[in-house]
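Student: What follows is each chain in one-letter form.
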Amino acid sequence: MFKEKFSEGIITAKQFDREDIEYILKKGNEMMKIKNSNLLHGKILATLFFEPSTRTRLSFESAMYRLGGNVIGFHSGDVSSIKKGETIADTIRTVENYSDCIVMRHSLEGAARMASKFTKIPIINAGSGSGEHPTQALLDLLTITEEIGPLDGLNIGIMGDLKYGRTVHSLSILLSNFDVNIYFISPESLRMRNRDIDFLQQHKIQYKEITNYRKILNILDVLYMTRIQKERFVDIEEYEKLKNFYIFREDDLDDTKDNFKLLHPLPRVLEISPEVDASKKAIYFKQTFYGIPMRKAILAELMTD
Amino acid sequence: MFKEKFSEGIITAKQFDREDIEYILKKGNEMMKIKNSNLLHGKILATLFFEPSTRTRLSFESAMYRLGGNVIGFHSGDVSSIKKGETIADTIRTVENYSDCIVMRHSLEGAARMASKFTKIPIINAGSGSGEHPTQALLDLLTITEEIGPLDGLNIGIMGDLKYGRTVHSLSILLSNFDVNIYFISPESLRMRNRDIDFLQQHKIQYKEITNYRKILNILDVLYMTRIQKERFVDIEEYEKLKNFYIFREDDLDDTKDNFKLLHPLPRVLEISPEVDASKKAIYFKQTFYGIPMRKAILAELMTD
Amino acid sequence: MFKEKFSEGIITAKQFDREDIEYILKKGNEMMKIKNSNLLHGKILATLFFEPSTRTRLSFESAMYRLGGNVIGFHSGDVSSIKKGETIADTIRTVENYSDCIVMRHSLEGAARMASKFTKIPIINAGSGSGEHPTQALLDLLTITEEIGPLDGLNIGIMGDLKYGRTVHSLSILLSNFDVNIYFISPESLRMRNRDIDFLQQHKIQYKEITNYRKILNILDVLYMTRIQKERFVDIEEYEKLKNFYIFREDDLDDTKDNFKLLHPLPRVLEISPEVDASKKAIYFKQTFYGIPMRKAILAELMTD
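Those protein sequences? They're chains S, E and D, same order as listed.
Numbers in the working numbering are just positions in the first sequence, counted from 1, shifted up by 2.
Numbers in the working numbering are just positions in the second sequence, counted from 1, shifted up by 2.
Numbers in the working numbering are just positions in the third sequence, counted from 1, shifted up by 2.
These are calculated hints, taken from the structure and not from any lab test.
Incorrect hints may appear among the rest.
As the list makes no split between identical chains, a pair holds if one copy fits it or if it spans any two.
[Claimed, not checked] Using 25 Å as the maximum straight-line C-alpha spacing, the simulated SDA-like pairs for lysine to any residue come out as follows:
1) 5 x 306
2) 232 x 53
3) 37 x 307
4) 86 x 279
5) 245 x 84
6) 288 x 99
7) 5 x 38
8) 86 x 112
9) 85 x 165
10) 35 x 25
11) 232 x 273
12) 122 x 281
13) 119 x 276
14) 232 x 95
15) 86 x 110
16) 85 x 234
17) 85 x 53
18) 243 x 88
19) 282 x 253
20) 232 x 279
21) 29 x 10
22) 283 x 212
Fair warning: this is a prediction, and the values are worked out from it, not measured in the lab.
Looking at chain S on its own, in the form it has when it is part of the complex:
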């Protein structure tokens, strides 16, 4: 059923209703109990990273190997055929003949959706410009449910670059299926975009937009921080002004609930001080751990015959 609904692949968090999310979280949980299997023996995953990545690519590749499959791909858009002027559509129509599923990252919003129109094999969007990164948001939810518990009733802060942050967009869309209170915390110029806010309002999600996280730190169950992404700024001076806008420090932890958890999709630069890492409230490295079972679950659902 999941496989039929997602036969085009995973392009946007908007494909998921509450039932789909709960299903894939359950599958992610089950994958935590099996380190290795042969479920995808003989299958090939293509990882097409037009925009480079370490974490997401290595995580998908590790997940694929843990399931007994193989991987082909490229690590940057600086590859032969792209340089020679080939379109995404042509690349996809070629690679579909070499693989059973394509994971792709591209600097353009909409690239994954466009790709899915040109192939019969599933496309997984591993980040499309400032748009979305749905599998990151799924692993974020697995992290929260495994480390805290059910999502309903949680107070969740999402802080940093809400304008360009693709993980933030996908995460807030997924959360709109649950009864959560969201606090969007950002500098004025990096607020959530209107279209994202519109979507959340249509889904009647409870949210507030604020600038000073210290005011609400004591009521949060989860604070999801993001990096101010240098590479998304056209004006480097604007970046310099904003890069240290938020720095979460050890003494911030004092104001938090006992069960408070700090998440971050990583990489982190300066926005979380290293001394925070030692706290059991800081679970951003555990979060990378949950990436493997979640991606195993996704790959298994999309590729098992």
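With chain S held as given, fit chains E and D onto it using these hints.
Tutor: Frame of chain S, contents of chains E and D only:
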């Protein structure tokens, strides 16, 4: 027998006589019926791409995995040891200790042949400058025989950059073993080189050199188009003059036979209009599909104990 | 026992005592008899090459596949998360969740040691700046013992860039566990660093520092040559002066013992003339062969449950 004859690997299309071609086409056809096998379990293929590639590299890697083997390699000549001044000979004498077969692409003609002199394991030439690309030509023939039928008697147009196009060189050499009529279609400055023409004349192949493809479109069974390759031009103005010399458009299809097929080794840039893609006469994406069984056949022949 | 002692991985040659070296040489010898196995089936090796490499990376990857395992990784520091400002510590704490062992190369001395402090999985130092390259030194010893015999009593020349040469540092440290005579042969400005000399003196190794190798060529059992490494020089004029300081030529072989062997970690540039390659005294390509069994032994020891 094939294995003994090709113990040095596949360096040039000139190694193949008609019997060899028919044998490997039969093996390619057989490989289409078996998606996965364990024939090359425990074997390692090295893919050394001094000049980058997506299609050819991913295709060989996929073929190797479908046969149960593994792959090591690099994707660009911008690698450590080359930068440090290592010769091809030294790289090959090293990598032969790590692998069972080497697929290599290099910007210099003759690189693959030279490499084969320094190792006991087979070398597969995956493109050597403007010279040759024999496995592409073999998959082109598999495409034609599977989609149209026997080669003898066919009228085949080969169009575009015939001077620098390595796939064209290998393809016309292979075709010289059959009773075909070839039309070499190119701008004056990109005609087939004398040495290639000499070879074809020695082999008594029927050919004509023309400039206007429209004149003979109605008699062709196959038109094999190629890209004007920007990267082969020293003079960029010369490239700009020639890049749009041929553009195959939808209405060109009206002049073709019912069984006419349009091939292209890809990537394509502007030389085939996208609206042609929808025609069942356009089989350049199917052509990439045939790359897998042909490369499986080649790898299996060269590496099976 | 080896596994317990080396639970942090292999960071420096200084971790090894004579017993450890003899143990791993024995294991390396045993691995020569088994081309393929399934010992590490289901295990994943991460190869993190912040500084690029061909030989070392491909050698580890080949060894891992020969043992039935899989590999993820990156080939240059020009990767997404590093560019985005991520620290080594964060990269390691992420990748440990994706793999069972990490092989890393980095331009900074001490990088591997630092990395090992942030993870529970073993780190293998595959080259840290001008510091060390312990697994290269282990394969060098396997080459010597397999091709000549026991180390005790040998006269070993080590020639070239002794200041920046990381393989030289690791090799001389390992040799300090044996009763050998070392001749350090270098231009004045590329002599062994004081700290390395101090270590050897503490270990009471017999050594001499000389400039003219011809004076002692006739007593050597082994001459280990290294490349003058352009990339380590800040002053390119200084490099130009030194790059041809030593060139080992065919007639040098006339002065050597019958059992003399010439080694080189490769890549070689001009320091050994190509006509030397044909001599059975030149075993630098065989040396790359010994890299596979030695790295198989290392990976098997560190990763077998």
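Student: At most 25 Å between C-alpha atoms: does residue 5 with residue 306 qualify within a copy, between copies, both, or neither?
Tutor: within (9 Å within a copy, 36 Å between copies)
Student: I want to check one pair: residue 282 and residue 253. Are their C-alpha atoms no more than 25 Å apart within a copy, between two copies, both, or neither?
Tutor: So residue 282 and residue 253 pass the 25 Å test inside one copy only (14 Å; across, 67 Å).
Student: Please work out whether the CA atoms of residue 122 and residue 281 approach to 25 Å or closer within one copy, between two copies, in both situations, or in neither?
Tutor: Result: close only across copies, 18 Å inter versus 46 Å intra.
Student: Pop the pair residue 85 and residue 234 into one bin, within, between, both or neither, using alpha-carbon distances up to 25 Å.
Tutor: Both: 22 Å inside a chain and 13 Å across chains, each within 25 Å.
Student: Checking residue 119 and residue 276: alpha-carbon separation at most 25 Å within a copy, between copies, both or neither?
Tutor: between (44 Å within a copy, 15 Å between copies)
Student: Have a look at residue 85 and residue 165 and pick one of within, between, both or neither, based on CA distance no larger than 25 Å.
Tutor: For residue 85 and residue 165, the Cα distance is within 25 Å only across copies (21 Å; inside one copy 30 Å).
Student: At most 25 Å between CA atoms: does that hold for residue 232 and residue 273 within a copy, between copies, both, or neither?
Tutor: For residue 232 and residue 273, the Cα distance is within 25 Å only inside one copy (13 Å; across copies 38 Å).
Student: Evaluate residue 29 and residue 10 at a C-alpha cut-off of 25 Å and name the case that applies: within, between, both or neither.
Tutor: For residue 29 and residue 10, the Cα distance is within 25 Å only inside one copy (19 Å; across copies 33 Å).
Student: Is it within, between, both or neither when you check residue 283 against residue 212 at 25 Å Cα-Cα?
Tutor: For residue 283 and residue 212, only the intra-copy Cα distance (23 Å) is at most 25 Å; the inter-copy one is 59 Å.
Student: Can you tell me if residue 37 and residue 307 fall within 25 Å by alpha carbon in one copy, between copies, both or neither?
Tutor: Answer is both: 21 Å inside a copy and 14 Å across each meet the 25 Å cutoff.
Student: Regarding residue 35 and residue 25, is the shortest C-alpha distance of 25 Å or less found within a copy, between copies, in both, or in neither?
Tutor: within (16 Å within a copy, 36 Å between copies)
Student: Using 25 Å as the alpha-carbon threshold, which applies to residue 86 and residue 279: within, between, both, or neither?
Tutor: The answer is between: 19 Å across copies meets 25 Å, while 45 Å in one copy does not.
Hint check: no violations occur; every hint is consistent with the structure.
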